[in-house]
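**Student:** The lines below spell out each chain.
Protein chains: 2
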Amino acid sequence: DILERPEGLELGGDLREVTIMMSDIRGFTTLSERLAPAQVVTMLNRYLGKMTDIILAHQGTIDEFIGDAILAVFGAPQKRDDDADRAVKCALAMQAAMEEINAENVADGLPAVATGIALNTGKVIAGNIGSERRSKYGFVGHPMNVTSRIEDLSAGGEILLSDSTFRKLSHRYPVCDTRELKVKGIDELVTVHRIEAATDG
Amino acid sequence: DILERPEGLELGGDLREVTIMMSDIRGFTTLSERLAPAQVVTMLNRYLGKMTDIILAHQGTIDEFIGDAILAVFGAPQKRDDDADRAVKCALAMQAAMEEINAENVADGLPAVATGIALNTGKVIAGNIGSERRSKYGFVGHPMNVTSRIEDLSAGGEILLSDSTFRKLSHRYPVCDTRELKVKGIDELVTVHRIEAATDG
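Chains A and B, in that order, give the protein sequences. Start counting the first sequence at 140; every next residue gets the next number (our numbering). Start counting the second sequence at 140; every next residue gets the next number (our numbering).
Hints in this document: simulated from the structure, not taken from any laboratory. Note that the structure is a prediction, hence the values are computed from the model and not measured. One or more hints might be untrue.
Identical chains share a label here; the pair holds if one copy fits it or two copies do between them.
Below are the SDA-like pairs computed for lysine to any residue, each with C-alpha atoms no more than 20 Å apart in a straight line [as the list claims (entries may be wrong)]: (1) Lys262 x Leu174; (2) Lys228 x Val314; (3) Lys323 x Asp291; (4) Lys323 x Glu172; (5) Lys275 x Glu203; (6) Lys323 x Leu170; (7) Lys218 x Ala246; (8) Lys323 x Ala196; (9) Lys189 x Ser270; (10) Lys323 x Gly166; (11) Lys321 x Leu292; (12) Lys262 x Gly324; (13) Lys218 x Ser309; (14) Lys321 x Asp291; (15) Lys189 x Ala236; (16) Lys228 x Val245; (17) Lys262 x Ala175; (18) Lys321 x Thr169; (19) Lys323 x Tyr312.
Given these sequences and hints, build the entire structure.
**Tutor:** So, in structure tokens, the structure goes:
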């Protein structure tokens, strides 16, 4: 996978500002227990396939699939001025694609699903992480953990942005709701905004 | 990576009993903020390199590195009678290797670190998960989530086993401590045992 071995990468690791995206199908594990294994994999791969296409079309870097969760970043290995903007557009496109995914699920006798998406911007250490036998381009830092905590809060159909992402945007998306979040290892509360999936500018 | 594309794999996904291992360096993110990015990557790759060697030597399948966290399984793609036993031996060997890792860290002016390890046994759906553009051999199911919750509880130097793993072992490791754990999405409490890293049989 070329994304895992980008050219021109600092082997030693460097500090970069990135916009991190984490998403998760709500209740997927519980849902998966009512289905045959092959149905679960069909449903998961349909979803991950469409999400992969959308993330790559928005020049995001997919770091991991962890079960039904997706971890992606915008801004590494290549930084662009509109990293946060592209991340939000990507999240809106992902939510918009759920209708088509669910229509295909229902046509196959599978349940409709809903995904929650969290975005957060911050400085992380990016580098080739692992061993000689197995390494990948990966990320370390509190902003990763913060994103994961925001993602825990996101309901199906929602897009939650940290204030750090929100302040980077050139387009002002209407905010439906603002919450404050205590995150382990971080003293200050994290401010999180919810934007409407239907308000794509 | 051959581990991600094992031969003879059911493409559709199947239900398998596996012993899941998750480990994490305690406080690594906070520690990493006091170091230069290159030092963080050096320290992380030294640790992940040794852990990879130990896990592969015990015929574990590494699913992911997520920052400093490792997710591995014993029992897929190939099931063996001693999957749980090998997982515990592997965890003991991982904790034993920390002394050497920390001696090398200290020699390089880097801090000593401690890892927590969780083991849990259960039935998961295993399959090639992802898209045509990017897929990997991955796992879905409540036992994955339960392992993650047990891992959250494990302190540096500790090995915590769920009762489901403990009951599979042919060697009776002395238990130092037993706790009960409430896990989201699971009705029953999960019983967790701590075994001593120094009591390798």
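**Student:** Next step is simple, just say for each hint if it's right about the structure.
**Tutor:** Status of the hints after comparison with the structure:
{"no.": "1", "hint": "Lys262 x Leu174", "result": "between (40 Å within a copy, 14 Å between copies)"}
{"no.": "2", "hint": "Lys228 x Val314", "result": "within (15 Å within a copy, 52 Å between copies)"}
{"no.": "3", "hint": "Lys323 x Asp291", "result": "both (13 Å within a copy, 12 Å between copies)"}
{"no.": "4", "hint": "Lys323 x Glu172", "result": "between (31 Å within a copy, 15 Å between copies)"}
{"no.": "5", "hint": "Lys275 x Glu203", "result": "both (10 Å within a copy, 10 Å between copies)"}
{"no.": "6", "hint": "Lys323 x Leu170", "result": "between (29 Å within a copy, 14 Å between copies)"}
{"no.": "7", "hint": "Lys218 x Ala246", "result": "neither (41 Å within a copy, 35 Å between copies)"}
{"no.": "8", "hint": "Lys323 x Ala196", "result": "neither (34 Å within a copy, 35 Å between copies)"}
{"no.": "9", "hint": "Lys189 x Ser270", "result": "between (31 Å within a copy, 8 Å between copies)"}
{"no.": "10", "hint": "Lys323 x Gly166", "result": "between (24 Å within a copy, 11 Å between copies)"}
{"no.": "11", "hint": "Lys321 x Leu292", "result": "both (11 Å within a copy, 19 Å between copies)"}
{"no.": "12", "hint": "Lys262 x Gly324", "result": "within (16 Å within a copy, 33 Å between copies)"}
{"no.": "13", "hint": "Lys218 x Ser309", "result": "within (16 Å within a copy, 52 Å between copies)"}
{"no.": "14", "hint": "Lys321 x Asp291", "result": "both (12 Å within a copy, 17 Å between copies)"}
{"no.": "15", "hint": "Lys189 x Ala236", "result": "within (8 Å within a copy, 42 Å between copies)"}
{"no.": "16", "hint": "Lys228 x Val245", "result": "neither (26 Å within a copy, 45 Å between copies)"}
{"no.": "17", "hint": "Lys262 x Ala175", "result": "between (42 Å within a copy, 13 Å between copies)"}
{"no.": "18", "hint": "Lys321 x Thr169", "result": "between (27 Å within a copy, 16 Å between copies)"}
{"no.": "19", "hint": "Lys323 x Tyr312", "result": "neither (29 Å within a copy, 33 Å between copies)"}
In summary, the numbered hints that this structure violates are 7, 8, 16, 19.
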